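Undergrad: These are the residues of each chain, in order.
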Amino acid sequence: MWFRNVFLKTLRDYRIAIVGWGVGMGLVIVSPMASVAALISTPAQHAALASIAAQFAWNADPVKADTVGGYATFKIGVFVFIACIWPLLAASRMLRGEEDRGSLDVLLSAPRTRLTIALQKVAAMWTALLVIGLISGVIAYLGGRAFKADFTLADGLMWGLDLALICMVFGGVALLISQFTHERGPAAGATGGLLVVFIVVDMVHRVISGTDWLSRLSPIYYYNLSKPLITGYGTSAGGMLAMLAIAVVLTGAGIWLFVRRDVGDVVKVPWLDRIARPAAPSRSLPVGDWSLRSVYMRSLGMIAMPTFWWTLGFAASAAWMIVAVNQLASKMNALFASAQSSPAISVLKNIGGGSSTELNGLILGAMFELMPVLLMAFAVTQVNRWSADEDEGRLEIVLSTPKSRPAVLLGRFAALATATVIVGVVTLVTASVAASIGGVALDGGNLAAATLGMIPLGLLIAAIGYLAAGWLRTAADTGLLSFLLAAWFFISFIGPDLKWPDATLRLSPFYYYGTPLLHGMTLANLAVVIGVGAVALALGTLRFARKDIGV
Amino acid sequence: MTAIIEVEKLTKSYGRRRGIADVSFQVGEGEVFGFLGPNGAGKTTTIRVLMALIRANSGTARISGLDCWDRSVDIKRMVGYVPGEPSLDGNLTGGQILEYFAHLRGGVDQKYLKSLIERLDLDTGRKFRQYSTGNKRKVVLIQAFMHKPRVLVLDEPTSGLDPLNQQEFDGMVREAREEGRTVFLSSHVLSEVEKTCTRVGIIREGRLVKVGGVHDLKDIKRYEITISFAQPVPLEAFAQLEGVTDVERLNDGRAVRLAMQGSADAVIKAAAHYPVISLTSYEPSLEDVFLRYYESDGQAPKEVAGVV
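Protein chains in written order, with our numbering: chain A, 1 to 551; chain B, 1 to 308.
Source of the hints: derived by calculation from the structure; they are not laboratory data. A few of these clues could be false.
[Unchecked claim] Derived contacts from chain B toward chain A, CB cut-off under 10 Å, selection only:
1. V79
2. E85
3. F101
4. H103
5. Y112
6. L113
7. K114
8. L122
9. K221
10. Y223
11. D246
12. E248
13. L250
[Unchecked claim] Calculated pairs, SDA-like style, for lysine to any residue (alpha carbon to alpha carbon, straight line, at most 25 Å):
14. A/K547 <-> B/S87
15. B/K136 <-> A/D289
16. B/K136 <-> A/A534
17. B/K136 <-> A/L257
18. A/K268 <-> B/L250
19. A/K268 <-> B/L66
20. B/K127 <-> A/A304
21. B/K136 <-> A/S109
22. B/K127 <-> A/H182
23. B/K127 <-> A/M302
24. B/K127 <-> A/T181
25. A/K403 <-> A/K268
26. B/K136 <-> A/G97
27. B/K127 <-> A/P496
28. B/K148 <-> A/A534
29. B/K221 <-> B/Q231
30. B/K127 <-> A/L257
31. B/K127 <-> A/V398
32. B/K127 <-> A/A534
33. B/K114 <-> A/F180
34. A/K547 <-> B/K127
35. B/K221 <-> B/L250
Only a predicted model underlies this, so the values are computations on that prediction, with no experimental measurement involved. All C-beta atoms in this analysis are idealised placements derived from N, C-alpha and C, irrespective of residue type, glycine included.
Okay, chain A solo, but in the shape it has when bound (with noise of 0.2 Å):
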């Protein structure tokens, strides 16, 4: 039945995604709903997580923050993004990943348009993401009757028909994306890079006041337009109308590109085709190239550009923190003289995940808390480069020159950890700078730990993976690092509000990364995380010296 047609095959592609993510999403709406009840068990910590919701705006709107439904909406607000990485990795993969492949050639030499097998493969994709927003609606409902919340199932299901669609905009951006890029990868990264830059543009107008307008720019804002879960607030039917519009204007934009574009190569650009004249068959050599010389400068040399986009991304993320902060102090000082005594602090350390009451460094820490997160991510995608080289047997000309197999590996290691280091330096000068700009105090000790005290993390899960890559192919161990990391954050910044074991708070690195702009990073902590990483790193060269490639 499931190779009937390019529809069913397609989807039965994404029946692992399907459950995996469905069940997943479910559980990220439910977690939070298990953790309220615990915050909100008196009249006055209801009023005082309402109060200080309304200050964490930038997170997410905070609408009857003091309600399970409510609460699950603000808690989750940005984590958006994590609904958005499979959609984007689908569509990215749907059309091009298959021509880096080759085997697209074969399909369309089958009797059926191009038209035809592009839409059948969105078609795919889309009922693909309907069912995982049917799946996680119906989680969410479930969970939502064993916390005592007060939506309905329909209600459920409108919260997973609005990430659903959510997820078609992402997956119709990296679809049309991936019709001006040779591989996969880079249509998934700018396709990335956008996810971010839109959940930010959505944030402004909730920092800013009068910035309405700017974040109408954002798809995100048209997904943050319904609160199915938010009894009274409900489904905006405009919202969710705008979201298929533009999902269907991008997919249909990428599908009527690749319907008349050479398979296997980009829609062309006419003033890019003109700065890149075909070249003249050339005999030359690039005796000069820095970037040929040994393994570690080629590693650098295939990390440089990522490196520089999630850089800025992470410096521009940095200052924009600062900025916020600087916003949000003012109205912050007059809750903490009112409060300093009430329920108020408790569940703005829960809410924050810190432990101190000084404004700024808790504010700042909060939002921090995304820092080692994202630095962890790009790890992820590096490492999946390594694994994927291995799988599509790039390595095997370089394992024939005469270096060795840990020297081969250790030298992509380094290009990545030289990579990290120069993300985690750039975010230190930025904040210093903006906060020196913006005037808000801050421990340039503390900060230096913030900033710097990431890289270890990111080293720790790419050592990791590096490991696991011994055994796994590609996707499985780039699931194994995502799953991971999901698991970690959850345990870190959920783990504390459900009362869980310290033993079991300790198996997250972020337990050890703690909150460094509030009170530094102990020695302990680090050394900890860097044994660990170091471990793996270890296991992993000898894994890889012994083992044998591509099989």
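Given the structure of chain A, go ahead and fit chain B onto it with the hints provided.
TA: Chain B in isolation, oriented as in the chain A frame:
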């Protein structure tokens, strides 16, 4: 002749899947050794063990007296390698790839490298992903030859090359041989091995079934000739001829299909006694040859199974 490649009782399996079993052979220094076998016979597995890309379950593989796994780095200094399915970074140009591998090998003679580029007519300015299959193969061939290695290990090296470049490749192999370098070349094309190699090893279903001089190939080389005549001809005119193993009558005796082994001289001379309309010769694939060769009871005949 001193053996430079020594393989003894080499066995490699991939879990339940067969790889190779008890493969033993030697290649002398300066020899061009052809490693023949149908698809999936175990050629690439043997080569990947030699290149230390995979580790044998048992047995030994040595190059220049050094164990291929334990001394792989030392061995790779003296080896040039062409993988069966070359894959390289699609974003690099051919020139960048060659320069990169030249650096990894500690530098190469740039003049010689450029001569190889000229010889195979490679445009080094294009990105690897933009190359045709043949041009990709050229890049990989050049990187294998550019440091003038003592041993060349080539896994189906001419796959995708046009006839002109195949000729050029034959010339490069011939020169390597004249310079005393060793070439270990795998192929599933009989005629290619006949053309370039001095000795051959034949592998089938993971087991080496024959090692010997290239002239021994005639023992297994079978082909078919179909001759159409203007009038019916008697089958007896061809059935007893030297080299003919089977005769089939077609088109009411106006055509014959002959299964051949060895020289066709007697057949051509016999056919010349009748008015010939057309003559076609068909060289079966190695797999067909093997199937027919082993069709009696699935076992290798004694005279073939033995190592010559």
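Undergrad: Hints first: check each against the structure and report whether it holds.
TA: These are the hints, each one checked on the structure:
1. V79: Holds - the Cβ of B/V79 comes within 10 Å of chain A, reaching about 7 Å at its closest.
2. E85: Holds, because the Cβ-Cβ distance from B/E85 to chain A comes to roughly 6 Å (cut-off 10 Å).
3. F101: holds (6 Å)
4. H103: holds (5 Å)
5. Y112: Violated: closest Cβ of chain A sits about 12 Å from B/Y112, beyond 10 Å.
6. L113: holds (7 Å)
7. K114: At about 7 Å, which falls below the 10 Å cut-off, the nearest Cβ of chain A leaves the hint on B/K114 intact, so it holds.
8. L122: holds (8 Å)
9. K221: Nearest chain A Cβ about 32 Å off; hint violated.
10. Y223: violated (32 Å)
11. D246: violated (38 Å)
12. E248: At 36 Å from the nearest chain A Cβ, B/E248 fails the 10 Å test, so the hint is violated.
13. L250: violated (35 Å)
14. A/K547 <-> B/S87: holds (20 Å)
15. B/K136 <-> A/D289: The hint holds at about 21 Å.
16. B/K136 <-> A/A534: Roughly 39 Å between the alpha carbons, so the hint for B/K136 and A/A534 is violated.
17. B/K136 <-> A/L257: Outside the cut-off at roughly 28 Å; violated.
18. A/K268 <-> B/L250: violated (58 Å)
19. A/K268 <-> B/L66: violated (53 Å)
20. B/K127 <-> A/A304: holds (18 Å)
21. B/K136 <-> A/S109: Holds, at roughly 24 Å.
22. B/K127 <-> A/H182: holds (11 Å)
23. B/K127 <-> A/M302: holds (15 Å)
24. B/K127 <-> A/T181: holds (14 Å)
25. A/K403 <-> A/K268: violated (40 Å)
26. B/K136 <-> A/G97: holds (20 Å)
27. B/K127 <-> A/P496: violated (52 Å)
28. B/K148 <-> A/A534: The given pair, whose Cα atoms are some 39 Å apart, is violated under the 25 Å limit.
29. B/K221 <-> B/Q231: violated (30 Å)
30. B/K127 <-> A/L257: The hint holds at about 23 Å.
31. B/K127 <-> A/V398: Holds, because 18 Å separates the two Cα atoms, which is no more than 25 Å.
32. B/K127 <-> A/A534: violated (37 Å)
33. B/K114 <-> A/F180: violated (34 Å)
34. A/K547 <-> B/K127: violated (31 Å)
35. B/K221 <-> B/L250: Satisfied, since the Cα-Cα distance of roughly 23 Å is no more than 25 Å.
The earlier numbered hints that this structure contradicts are 5, 9, 10, 11, 12, 13, 16, 17, 18, 19, 25, 27, 28, 29, 32, 33, 34.
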